[in-house]
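Asker: Take a look at the letters that make up each chain.
Protein chains: 2
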Amino acid sequence: MALLAVLANLCMSLLPVMANAPTDIRMDEKARTIHRIDSINILVYTVLLILTVCLIWAFKRRRARFLHETGLAVIFGLMVGASIRYASEETETSHLRVVPLNNQTLPDPGSPPDNVFVQLEIQKTPDGSRENRSYAYTFRGELTDVESKKLDQKATFDPEIFFNIILPPIIFNAGYSLKRKFFFRNLGTIMTYAFFGTTISCFVTGSVLYIFVLALPHLQFTFNNCLYFGAIISATDPVTVLAIFHDLQVDVNLYALVFGESILNDAVAIGLVSAITSYEDVSNKATEFELAAALKAFSNFFYIFACSFLIGSSTGCVTALITKFTKLCDFPLLESCLFLLMSYSSFLVAEALELTGIVAVLFCGICQAHYTYNNLSVESRQRTKQLFELMNFVAENFIFSYIGVSMFTYKKHHWDLFFIVAAFISIAAGRAMLVYPLTFLLNLGRTNKIPMAFQHVIFFSGLRGAMAFALAIRNTLGLQRHVMLTTTSFTVIVSVIVCGGSISTLLRWLNIPVGSEDHDQELLNITQQQRAQSELRSPTGEPLKTPYEKAWLVRKWYNFDVRFMKPFLTHSRPTLIETLPSCCMPLAHLLTSTEQLTQDDNCRHTREDDSDTDLCLDESDFNFERTNSLTQASQALVNHVYYIEK
Amino acid sequence: MALLAVLANLCMSLLPVMANAPTDIRMDEKARTIHRIDSINILVYTVLLILTVCLIWAFKRRRARFLHETGLAVIFGLMVGASIRYASEETETSHLRVVPLNNQTLPDPGSPPDNVFVQLEIQKTPDGSRENRSYAYTFRGELTDVESKKLDQKATFDPEIFFNIILPPIIFNAGYSLKRKFFFRNLGTIMTYAFFGTTISCFVTGSVLYIFVLALPHLQFTFNNCLYFGAIISATDPVTVLAIFHDLQVDVNLYALVFGESILNDAVAIGLVSAITSYEDVSNKATEFELAAALKAFSNFFYIFACSFLIGSSTGCVTALITKFTKLCDFPLLESCLFLLMSYSSFLVAEALELTGIVAVLFCGICQAHYTYNNLSVESRQRTKQLFELMNFVAENFIFSYIGVSMFTYKKHHWDLFFIVAAFISIAAGRAMLVYPLTFLLNLGRTNKIPMAFQHVIFFSGLRGAMAFALAIRNTLGLQRHVMLTTTSFTVIVSVIVCGGSISTLLRWLNIPVGSEDHDQELLNITQQQRAQSELRSPTGEPLKTPYEKAWLVRKWYNFDVRFMKPFLTHSRPTLIETLPSCCMPLAHLLTSTEQLTQDDNCRHTREDDSDTDLCLDESDFNFERTNSLTQASQALVNHVYYIEK
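Just so you know, the sequences run in chain order A and B.
Note that UniProt numbering has the first sequence beginning at 1, numbered continuously upward.
Note that UniProt numbering has the second sequence beginning at 1, numbered continuously upward.
Bound-form chain A, shown alone (with noise of 0.2 Å):
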C-alpha cells in the first residue's frame, strides 16, 4: 500500500510548471495534467483489482472462508483510500470568483446556468503583454464548502459511470447467469419478497429512522428523507452472499430465494426511489402526508416498472428474432458483437425514455438466456457467457474497491454516529419486517414450508452493497443525502464485512446442511424423479401431484411459453406449425424457420438439451400431445416449403 501511495505522490509531483510558455501552450498543458489525472486515479484501481485477484486467488487456494472476495475488495479500497489520503500532498486546484456581467438576468431565475463564459486578462509571457480570452466553463454543482474542493480530482469518478457503465454488465449478467430452474418453481415467494417485501422493508426502516431522527433536529431530516433512505438501503446484494452459497453449495431453495430477492430487489428500490422523488416533487418537500402525491408516485412506480420491464423484455425478444432469421450463427464474432449491443441498448434506451434501464437490463438479461441463448452458435453461447462473467468480476470489484477508497477521498461524507446506529437498528427492523411476517403468511400456501432456520439466513443474508451505494452516490444534494451517503458506505463495508464473512458460522450454527450434495447432481436426481412421476399417471389420466406444486400463473405462463414464445423466437419444436390454430397457418409458416423443422428430435434443440431444462417444471403440465410430433413434422415440412415457395 506505502509503496501505491508513493508511486501516486511521485506521479503527481512530477507535474511540470511550465513558466514561459505562451498561453496556447499552457492550454495543451492543462489538457495534459487532466490526462495525466484520468490516467493515474484509473490506474490506482486498476492496479488495486490486480492486488485483489492475486489476493483472491491466494483465499481460493487456501480455501480461507472467513472473508469473501468483495470483502477482500473493501478492505483494500479502504487501505487505498487512506494512504492517498494520508500520504499523498494535495494537489491544489486554483479557482477564480466571478460575478455575473452587470444588467445581465439568469436564462432561468430557477437554477444556475449550464455555461458560464468569462472573460480573463491573461498574460503572454515572453514579452509580458497582456490580451483578454474567453473561457468556457461548465456547470458541476453546488457549492457548500469552498475549502473541501482540493481533494475532488483524487480518485474521485462521476456517478454516471456507475450507472452507465459498471452497474449494467452486473445487473445483466445475474439475469444471464440466472438459475431458473429453482428462480421459477419459487417465483411466487420470490415476488413477494421483492414487491411487497421491499417496500416493508423500505417504509418500516424509514419510518423506525425518523423517530430516531426526531431527536437530531440538526439534520433537518424529513419523513420523505427517511424514506428516501430506507429505499436506497433496502436494495439488498446477491453479489457476497452468493458466491458464499455457491461455495458451500447451500440448500438449493435458500440459495434460489435469496438470490431471486435480492436481484428483483433492486429493480423495486429503484423504483421506489424515483417514486419517492417524485412524491417529493408534487408535495414540494410537505412534511404531511398527501394521498394524491402517493397515488401519483405509486402509479408513477408502477408504470415505469412495467415500461422498463417491456423494453428490457422486448429487447431480449428482438435479439431472439434476429438470430433465429438470419444466419448470423455463421459469423460467431458479429453474433456475439450483436448480442452485446443490443442487451446494452435496453439499458440505455429506458435510461433515455427516464425509466430504470437496471430494470430493462435485467430482464433483457432473462429473455436472452431464455429465448437467445438457444438460437446462439456454440462458439457465441461460450463467448458471451465467458464475456459477460468476466466484466461482472471486473465490474463488481471495482465497485467493491471503489466502496473501499471513497471511504477516505470522496469528499461529501457527513459522519453522524448517533444516525449510523439508528440506520443499523432501522435497517435490521425493516429485514425483519420483511421476512418473518411475510414468510409467515406465504408457508400458509406453500407446500414445502420454509423452516424457521431458511428464515434466519434470509434476514442475515440482506447484505447491502453495490446497488445500495450506486443510488446513494447518484444524488448527492444537500446535508441530508450526504449523511445517507455515508451512512450507505458503512453499512455496505460494515455488511460486507461482517455478516458475509460470520455466514458460513451462521449456516453451521443453524445446522444447515452445507455441501452434502453437489448442485447439478441434485438437479439431475430432481430432474429424473419427475421425468419418473410423469410416466405414473393415474389411470383417470391425472398426473400424480409433483413435489413442487406451482402456481396457476406459473403454469399458465410455462403452458403458452413453450406453444407460443419459444416456438416463435427460437429453433424449439414443436414449431407454430403445430401449435397455432388452423387458421393462422400462413403466419405459422412464416414465423417456423426452416431449422426448426429439418432437425430430427435427437438434435440439439430439443426441450431436454436447450435452455429450457432449466425450468424444470415437470413435464406433466404441458398439455401438448408430443407422440406424433416427428411424423406431423415432416408433414409440415412438406407444407412449409410449399407455403414459402408460394
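If you are wondering where the hints come from, they were derived from the structure by calculation, not from laboratory data.
Errors might be hidden in some of the hints.
No distinction is drawn between identical chains; accordingly, a pair holds when it is met within one copy or between any pair of copies.
Here are the simulated DSS-like pairs of lysine-lysine, each with C-alpha atoms no more than 27 Å apart in a straight line [to be verified]:
no. : residue 1 : residue 2
1   : K327      : K60
2   : K556      : K296
3   : K449      : K556
4   : K60       : K385
5   : K385      : K327
For this one, chain A is given, so just place chain B on it according to the hints.
Answerer: Coordinates of chain B only, in the frame set by chain A:
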C-alpha cells in the same frame, strides 16, 4: 436513419420543464437531464453499431468486397451525423457571461483557473423569494465562437475516452494477434519502414504542405504546424486493409509488411507528435529551425519510445512470471482477469508517466502473446483471444462510426478546400517517398526482393484511420488544429471508402495472386520444408541456407530468447537448469517450475506446440543440443528437488 432522428428528437423534446419546484429539485433535474443526454448519445452509437453489425453480416454473406466494414461504419456514421444535425432541433444550453470579482487576481496569470465559483440569486418559486447560492463551474475550453456552443452537447465525446478506453484494446489486440512468424521474418524491413519511413513521410508531407500553405496566409500555418500535421497523418491504419487482405488471402509476406508497418508506425507517429510539440515548446513557436531544440525533441522521442517499450514489455514479462509461478490457471476467470488488468495497466502506467501508452500496450500485447499465452490455461487462452477480438471489433467500428458522425456534429470543423487538396498531394508525396526509395535500399540487402507490384500495394494501402483521427481530435486548440482535424477526418473517410474499396481491384490489376493458398496451409508447408532442410546439414555440420535469411541481430535475439527468456518466463523446455552456466545453478533451480521439469517432451509445452512455432525461424539457428534433453531432464529434476528442499 430518419427513424433514429425521430427517436432522438422525441427523447430530446420530452424534457420535462418543472416550473414550480424548489432549487434543489431543479438541480436534480439538471443532473437527470445530463444523464439523459449521455444515455441518448451512447444509445445513438449503440444503435449505429447494431445496424453496422447487421449490414456487415449482409455484406459478408453476399461476399461483397467493394466496401469494407469500416467503410460501412463510416458511411452509416455520416448519415446519422447528418440527420442529427439537420433533422433534430437544437437543444440550447443556457449560459451566463461573468467577470472576475473586483480586486481579484488570477491564481496563475498565464493560464485560466481550473474552476470558477459564481454566486447567483436563485428564485425559490413557491413563494417567489430569492436566495443567494454558490455554484462551481469547471474549465471546459477556450471560447472562439459563442454561437456555435449550441450543438456541443450532441453526439460528441470527450477525446479522453478515445485514448483511455477505445484505443488501447485495438492496439493491444494488434499486438496480441500479431502473426509473429512473418512479422519476425521481415523484422528488419518493417522496422525500417516504421522508423525511417514514418519520419520521412512526416517531414516530406510537412515540407510539401508548407510550400502550399505559403499561398494561404490567412490560415497562419507555421512550418511546425505542417510537421505536426505530417506526423498525425503519417499514422496509417491496419484495420481496413488487413481485413481485406485477410479475406483475399494475399501473399503472407506482403501481409506481414503492411501489417507490421501500420502497427509500428502508429507508435512512431505518436512519438513524432510529442517530439514536435516539445520542439514547439522549446523554440516558442519560432519559425526558424533551432538545432538544440530539434536535438532535444529527438532525444525526447527516443527516450519516450524506449521507456514506453520497456514498460510495455516488462508488464508482459511480469504477467508471464505471475502466471508461471502461481497456480492461477486453476481459476481461469481470475487468470483472464489478471491478464486483462495487467495489460491495461501497462497503458495506464505509461500514460501516467507522460510516456505513450499506445506504444506500451502494443509491446505488452506482443509479450503477452509470446510468453504469457503459453502459461495460460486452455480456457483462458480462448477467453482472452475472444475477449480482445470482440473488444477490438466494437472499438474499431465505434471509432469509424464516430468519425462519420463527428463530421456533422463536431463544432470545431473548419473546411478549407485548398488545404485539403494540398494535404492530399502532400500525403501522397510523403507516402511515395516512404515506399519507393526505402524499398530500393532494402532490396539491396534482401535475398527475397520486394517486387514492384508489392511496392505499389504498400503505397496504396497506407490508409488513414483511427489513430490519425484520435491524434487530431486530441488537441483542437486554435484555428490551425481545427483545419487539421477537418482535413484528417476527411482524409480518413476518403481513404477508407475509396482506397479501401478499390484495393481488391488493384490487387487483381497488378496480378498479385489472391486466395490461391490457405494461410495456415502455407505456414505448414514452410515449416515442414524448414524442418526437412534443417536435417540436411552439409558435411561440415553447417546448416544449409534456408530461403529466408535472417539478420544477425534477429538470430542473436532468437537464440537468447529460446535459451533464457522463454525458460525463465514460460513452462517451455529447455529449462534454465540446462541453459545457464553451472555457477548460476541455485538461481536456475529457483526460476524453474516443477511443471517445466515433470512434463515429458510430448507434452503441450514443447516447442512444436507453443506459440514459439509462430516465430518460424528454422531450427538450424538454434545451437542448443537437444538430443539428450530427456535424460538430462530427469537428472535435473532430481537436482531440482534437492535444491528446493534445501
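Asker: Please name the hints from earlier in the document that this structure breaks, with their numbers sorted from lowest to highest.
Answerer: 2
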